[in-house]
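**Q** Let the sequences and hints guide you as you build the complete structure.
In this text, residue positions in the sequence shown follow the UniProt record's numbering: the first is 1, and each later residue adds one.
One should not assume that every hint holds.
Unchecked claim - What follows is a set of in silico ranges between Cβ atoms, one per label pair, in the way DEER data are often shown:
| hint | residue 1 | residue 2 | range |
| --- | --- | --- | --- |
| 1 | R252 | V94 | 34 to 44 angstroms |
| 2 | D229 | A329 | 20 to 30 angstroms |
| 3 | R314 | G232 | 25 to 35 angstroms |
| 4 | A303 | H61 | 49 to 59 angstroms |
| 5 | E114 | A51 | 45 to 55 angstroms |
| 6 | T260 | A72 | 54 to 64 angstroms |
| 7 | R319 | D229 | 18 to 28 angstroms |
Please keep in mind that the hints were generated in silico from the structure rather than gathered at the bench. Small disclaimer: the values here were computed from a predicted structure and weren't measured. We treat Cβ as the ideally placed atom computed from N, Cα and C, and that holds for glycine.
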Amino acid sequence: MLAVMEQEPQDSFVHEQRRVPAVGCGARGMGCFLRLAGMLASLGGAGHLRAPSVYGTSTPHTWLIGILMIAAGLMAVFMGARLSRYGRRHTARVIKDPVELPDRAFTLFLRPFEDDKFLYGVKSASTRSLRRRLETPVSRTREEVLVWTFRRRFGRIVAVGQPGERLPLPGAHRFYLPLNNWKPVVSDLVKRARLVILVAGTGPGTLWELTEVVRLLPPERLLVLVLSDEAGYERFREAVPKSFENRAKELRDSGDLPVTAPPFPEYPALRDPDTPTKWIGLQGLIHFSSSWQPTFTRADPTAVWALTLQGRVRKVHRRQILPVLKRTAENTASTTPDGS
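**A** Pasting the structure below:
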């Protein structure tokens, strides 16, 4: 995750940020207005096309008005979503000193910085109906959706902010670290977190963090998220053993006990690979038993059935994702400062 830190110039830091809460509130309000106005305009345009007699005779002029209203409405919804999302960057919470976070009162979210662009993307509506998409216009990012899901069971979610970013991304509460001395702080936070959620990645920083989590925490306090496809996950699996070998050598040279890489399972196949599906976002969760035996729970939309796409999404969440989160919450609920 923090590999970028080693490449950025050392004068790039949080002080360059330009958060203005008043601007954020205004942008969020204007974004809500644009989305609502766009929804009404699009529905009105659809009415011109479906029932032109209500607005007069059916003429090319009436059809043109309907098409223009739909186009303008869709543009307003799109711009409103972007404006609301931008506003939330101005009002996002920033932690001044992560050392002051209470023990076991937060969950540490570690991810490759290159995934921030994907996580900042807006989660698409779980319906194929254009009318329903317009009736419930949302601008929550993928990270916000993940954080909302985890926060309900694990409490406050915190994450390292990307060095040099002008505004924090909405979602996990950001804190910022010095570029030349970040590892000791991350190591301390790993030990004190109730749970560490790590997004699988192949960056040197992400792999170092994985070795640190395995070295310091019991297995029940690590949850690995897989956002990539099978090829990306296989690159992660291949990189893990080498990373742990290098870290074990460093630890032996410094007089510490070496750390062994936990096994990572293969990418599970869909129950019905022949069913056409397009699943974007969380592909699965990897959790570990007390002996570091992994379980890869894949988000498999072909394993459930529902009349609508929205119903299928809800079933995947309820039947596949939530049971893992529930068990993890139970296993980490009574952790003590010594990690037991």
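**Q** Indicate, hint by hint, whether the structure satisfies it.
**A** Here's how the hints hold up against the structure:
1. R252 to V94: 34 to 44 angstroms: holds, 38 angstroms
2. D229 to A329: 20 to 30 angstroms: For A329 against D229, whose Cβ atoms are near 28 angstroms apart, the range 20 to 30 angstroms holds.
3. R314 to G232: 25 to 35 angstroms: Between R314 and G232, where Cβ atoms are some 26 angstroms apart, the hint holds.
4. A303 to H61: 49 to 59 angstroms: At roughly 51 angstroms between Cβ atoms, H61 and A303 fall inside 49 to 59 angstroms, so the hint holds.
5. E114 to A51: 45 to 55 angstroms: holds, 49 angstroms
6. T260 to A72: 54 to 64 angstroms: Check passed, 60 angstroms falls within 54 to 64 angstroms.
7. R319 to D229: 18 to 28 angstroms: This hint holds: roughly 22 angstroms between Cβ atoms.
The earlier numbered hints are all upheld by this structure, with none contradicted.
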